[in-house]
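Chemist: Chain residues, written in single-letter form:
There are 2 protein chains.
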Amino acid sequence: MPNPTAAMLVIGDEILSGRTKDTNTNYLACALTEAAIDLKEARVVSDEHDRIAEAVRVLSKRYDHVFTSGGIGPTHDDITADAIGAAFGVKVDIRDDARDLLAAHYKRQGMEFNDARKRMARIPDGAMLIDNPVSIAPGFSIGNVHVMAGVPTVFHAMVATVLATLTGGQPLLSETLRVYIGEGDVAGPLGILAEANQDVSLGSYPFQKDGIYGSNLVVRGTDPLRLKAVIGQLAKVLGVEHE
Amino acid sequence: MPNPTAAMLVIGDEILSGRTKDTNTNYLACALTEAAIDLKEARVVSDEHDRIAEAVRVLSKRYDHVFTSGGIGPTHDDITADAIGAAFGVKVDIRDDARDLLAAHYKRQGMEFNDARKRMARIPDGAMLIDNPVSIAPGFSIGNVHVMAGVPTVFHAMVATVLATLTGGQPLLSETLRVYIGEGDVAGPLGILAEANQDVSLGSYPFQKDGIYGSNLVVRGTDPLRLKAVIGQLAKVLGVEHE
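In the order they appear, the protein sequences are chains A and B. With full-length UniProt numbering applied, the first sequence covers 1 to 243. With full-length UniProt numbering applied, the second sequence covers 1 to 243.
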């Protein structure tokens, strides 16, 4: 059975202006690879209602899961909940359970639970809350879309929560052969082996540092014996040692 | 006149598996902001012909410029040139000028100019080469799509070459007010000022470190006097000092 598929949608002008570096996509990519879910596409869109809603519509139809990051804070440009509501054609309003969580949190902190903060309790109808152990304001899952915070520590915690509820396929394993041979010289043999071993995937990643160059050749698949076998073939055809 | 718009398309399984962190999008975002070109969207797609071609078709229609990174090396999964050719409905073949550049390079290096390396001279009909001062294999521009290498040093050099040929609008300037006030407390006044000053854009970026927290409030626009005026209003309404 093929692995489930997924897409990432990063929401925020600050990523597109270059002010903030998106680290959430790489974090999710690593977590999904470990969970045997294939990340097939990632997008970054601006804080514009129609852009967010359009991307959610397209990606949620095309892939098994969609993960979003950003736009669920208290400010005027935090419009992700409304855009997701529009994409699914459901109402968005302050929800009692989310409001109660936040009210209790700000009471403990001795801070005012003002209108801006109440925006963070706006949840599309029919969504399930995603726990936020870091700063309380919840994410939510609706249909196959998981809506999470942009702040990396919160995003990481929410990914852990969501992944625990999803069932992946078989874990994807990898074996790497590091060779001191340029990519252009390994490309020929690599292509032939890729053709001959279609149950695994082969990739090559060049490196160059301090005048030394070469390629990391990575074999990925679900059967550890097959990975070892293909790495062995690679080492043999390239005439390099492999333990 | 509004600024020209742009999209970034990152091509590569290694980004989606999490193995490699994409730094090119942030680099391009910063370079475009400086050049007064608005990056409106970014996508990452896998090394699949149809996915690349589809993304190029959509993005090149929607935005003034499209920048791609990745998939122009010598290996079997470097299929960007063919996918771009398909998107534009033109033939792709080894081109004399690109082949001559590469042949001379490998001759100087004392390396074989083999079939894998010749793949890097495959250029869609009608494209213009983009110089690669780092490792010679050229990128190319076709229509409004600029096809560049994934290796960051090469990508940076190619971006500089392409940007020199494009005309941006007015440079986007920014002013930042750093306040030791939580985002939830600045959100209300910020929203009101955003509404009242639609010729600039206002954003807030929370920080939290060593128990100290607050927000960087950023005003962006093209008129430096307007930025100063809005920062002054912000400081006044929040009751903070501003030099």
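Derived from the structure by calculation, the hints contain no laboratory data. Hints should not be assumed to be uniformly reliable.
No distinction is drawn between identical chains; accordingly, a pair holds when it is met within one copy or between any pair of copies.
As the list claims (entries may be wrong) - The calculated lysine-lysine pairs, modelled on DSSO-like cross-linking and capped at a C-alpha distance of 30 Å, are:
| # | residue 1 | residue 2 |
| --- | --- | --- |
| 1 | Lys-107 | Lys-209 |
| 2 | Lys-228 | Lys-21 |
| 3 | Lys-209 | Lys-236 |
| 4 | Lys-118 | Lys-21 |
| 5 | Lys-236 | Lys-107 |
| 6 | Lys-61 | Lys-236 |
| 7 | Lys-21 | Lys-61 |
| 8 | Lys-118 | Lys-236 |
| 9 | Lys-118 | Lys-209 |
| 10 | Lys-61 | Lys-107 |
| 11 | Lys-107 | Lys-228 |
| 12 | Lys-118 | Lys-107 |
| 13 | Lys-228 | Lys-91 |
| 14 | Lys-91 | Lys-118 |
| 15 | Lys-209 | Lys-21 |
| 16 | Lys-209 | Lys-228 |
| 17 | Lys-91 | Lys-21 |
| 18 | Lys-61 | Lys-209 |
| 19 | Lys-107 | Lys-21 |
| 20 | Lys-107 | Lys-91 |
| 21 | Lys-91 | Lys-236 |
Chemist: Against the structure, test the hints numbered earlier, and report the numbers of the ones violated in rising order.
Modeler: Of the numbered hints given earlier, those the structure breaks are 6, 10, 11, 13, 17, 18, 19, 21, listed in rising order.
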